[in-house]
Each structure stands twice: as C-alpha cells, then as structure tokens.
Amino acid sequence: KQEVTQIPAALSVPEGENLVLNCSFTDSAIYNLQWFRQDPGKGLTSLLLIQSSQREQTSGRLNASLDKSSGRSTLYIAASQPGDSATYLCAVNNQAGTALIFGKGTTLSVSS
Amino acid sequence: GAGVSQTPSNKVTEKGKYVELRCDPISGHTALYWYRQSLGQGPEFLIYFQGTGAADDSGLPNDRFFAVRPEGSVSTLKIQRTERGDSAVYLCASSLGTTLTDTQYFGPGTRLTVL
Numbered sequence: 001k002q003e004v005t006q007i008p009a010a011l012s013v014p015e016g017e018n019l020v021l022n023c024s025f026t027d028s029a030i031y032n033l034q035w036f037r038q039d040p041g042k043g044l045t046s047l048l049l050i051q052s053s054q055r056e057q058t059s060g061r062l063n064a065s066l067d068k069s070s071g072r073s074t075l076y077i078a079a080s081q082p083g084d085s086a087t088y089l090c091a092v093n094n095q096a097g098t099a100l101i102f103g104k105g106t107t108l109s110v111s112s
Numbered sequence: 001g002a003g004v005s006q007t008p009s010n011k012v013t014e015k016g017k018y019v020e021l022r023c024d025p026i027s028g029h030t031a032l033y034w035y036r037q038s039l040g041q042g043p044e045f046l047i048y049f050q051g052t053g054a055a056d057d058s059g060l061p062n063d064r065f066f067a068v069r070p071e072g073s074v075s076t077l078k079i080q081r082t083e084r085g086d087s088a089v090y091l092c093a094s095s096l097g098t099t100l101t102d103t104q105y106f107g108p109g110t111r112l113t114v115l
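Residue numbers (our numbering), protein chains in the order written: chain A, 1 to 112; chain B, 1 to 115.
No false leads were slipped in.
Not everything, but these chain B residues come out facing chain A in the computed CB check (under 8 Å):
1. Tyr33
2. Gln41
3. Thr103
Covered by chain B, according to a simulated footprint, are these stretches of chain A (three or more residues, beta-carbon under 8 Å):
4. 42-56
5. 99-112
Result set (DSS-like, lysine-lysine): computed pairs, CA atoms no more than 27 Å apart in a straight line:
6. A/Lys1 - A/Lys104
7. B/Lys78 - B/Lys15
8. B/Lys11 - B/Lys78
9. A/Lys104 - B/Lys78
10. B/Lys78 - B/Lys17
11. A/Lys42 - A/Lys104
12. A/Lys104 - B/Lys11
13. A/Lys42 - B/Lys11
14. A/Lys1 - A/Lys68
15. A/Lys42 - B/Lys15
16. A/Lys42 - B/Lys17
17. A/Lys104 - A/Lys68
18. B/Lys78 - A/Lys42
Simulated from the structure, these hints should not be mistaken for lab results. For each residue, glycine too, the CB sits at the ideal point set by N, CA and C.
So that you can see chain B by itself, here it is in the shape it has in the complex:
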C-alpha cells in the first residue's frame, strides 16, 4: 500500500478484556516497530521486528503485552487483561530494514480506551 495502515482507528474496551491491534506495513519493508503514545508524551518504544522475528522486545511493559508477525508483513499487537493505564495511542512504523538507520514511516495509530 501507499503507507502504513492500522486498524481499528479507535478501540474502546472494558477493563480485563483482551484486544488485538493490527498493523499493515509498507510493502517490502522488513522492519516493523510498535510504539505507545500517552497524552502529552512522545511515543515510547514497545517492540521491533526484523522479518518474522522480534529482534528487540525490551519495551514491552509486562507479560500482558505480546506481538506477532507470522509472515513477515502484517503484525498484531495483543493485550491481555487490559487495564485503564493501557489507554493510549498505539503507533506502528515500518522501514526498509536494510540498515540500522533507515527512516521509519508511521501509521495513523489506534486509539485504545480502557474503561
């Protein structure tokens, strides 16, 4: 596609529920990143994929968060037993992945609200 797309654009859920957030990267981009942005803050890194494998998951806050990229393209961020503190905009980015310093292109984000 023309850019990084994310679905849904908005997700409202209740505390304790399970949610999945989807990211479609730019075609041909092997690197994919998830970030979380709380109100008034800059994005915070969650996890980085190179191809199908998670190359760096050091930003995941706890074991309720998990992400997959089974075919090296689309990625899903999964959050179990959601808490109100999980409310934020979840941003996905992709890059060519050929060097460590390729430009990252961001999607519009998914706004998650946990009631």
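The shape of chain A in the complex, shown without the other chains:
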C-alpha cells in the first residue's frame, strides 16, 4: 500500500530564506507526483506536477525534484515571502493512475 510522508510537519522561517520541503513515498511505481498549496479553509491549488519520467519542474520561485527510484521528492522555495505561508501537500498517483495519495502536509509560516 502506497504511503506518502512529509517532513517537517511544520516550518517557520524569516522572510527571504530559501527552504526545502521533503516528501517520500514507499512504492516507486507512480505515474506522477504533484505539489499542492492549501490555504486555511480553502481548497487545493496545484503548484507543480512532475511526470514519472521527469526529474524536476520549475515555476517561478518554486522548483520540485523527483527521484523515483529512491522514492523522494523535494520542493524548493527561493526567497520566501509572507504570502508563501500555507500548507504544502505532496501527492502521488497510485498504481491505477487515478486517485491521488496525499501526505499530511508541511505547514509553512514565513514571518516579515
């Protein structure tokens, strides 16, 4: 059974810092991996999607990497801003390629 783990559970940093969020998964047979952002009381916003054949994806200050063989992904946020404060969720497509399996998320707080 696929399990997704995110470390750390919470992170507080001052504005301007570069930071890394970690995601690991137990079954490397995935179709893709996505990083989402969730603001309190809101739905999920997709940030980056990495296909299983890809190594990384970039969008603005965000860079996500995927090492499928070791079951790991990282989300790198450059020059963090208070507006980046949110919960970041990692999710993988299960073997059937339909449902997403999520980690519990990392709650990020960026202080000004």
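With chain A fixed as given, assemble chain B onto it according to the hints.
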C-alpha cells in the same frame, strides 16, 4: 464555470441524519473525484467517476456512503445515518479525463460537522 464549485460550504447535522453534498466540476471535465480531509491530515480518496460511471469506489469507507453523477457533470455525495466520525472537509476535484495523469483541480470543499 471558472472552477470547481461545491455546495454547501458548511453543513452541520445531527448524528443519524442523511446529508447530500454537491459538486459542480469544471465544464468539459469528464473525470470527477471525491476526497475527504480530516483535521491535520491530507485528503483521502473516496471515489472516482469517468463520465457517469464510478470507475473506482475503493475509497468509500462503508455502505453509508454513496455518490452519483447521473448526467456526467454534477455529482452528489450522499451519506446516510451520519456518525460523528464523518465530520471532515469533503473535497471534490475534476480533470479533463483524457489521460490517467491529467491535473486535478480542486473545489473549496464542504465542511461537514456531525453533532
């Protein structure tokens, strides 16, 4: 519409009652998903529709939960004889459905509280 919408945004009910939660997917999206998110947890998959049919309902916790999508657009998640443990945010997502790895777009969720 512009995005996935869900109604109601909040629902408070009493133990044992029946509830219906509605999801309006993005126009043209053939795939629709329901997830449930408990406090401090990531979303957990419930059911996936491709068109009108449930392609994967393996995440439904028991037979009190049922979902329909009669015309391949709007979906309703139905919960019978609600229990306090059903309290959670119920999220709906849709995708184009043309490949197995299309991006899923999520709605804001319905917060269900069972007293």
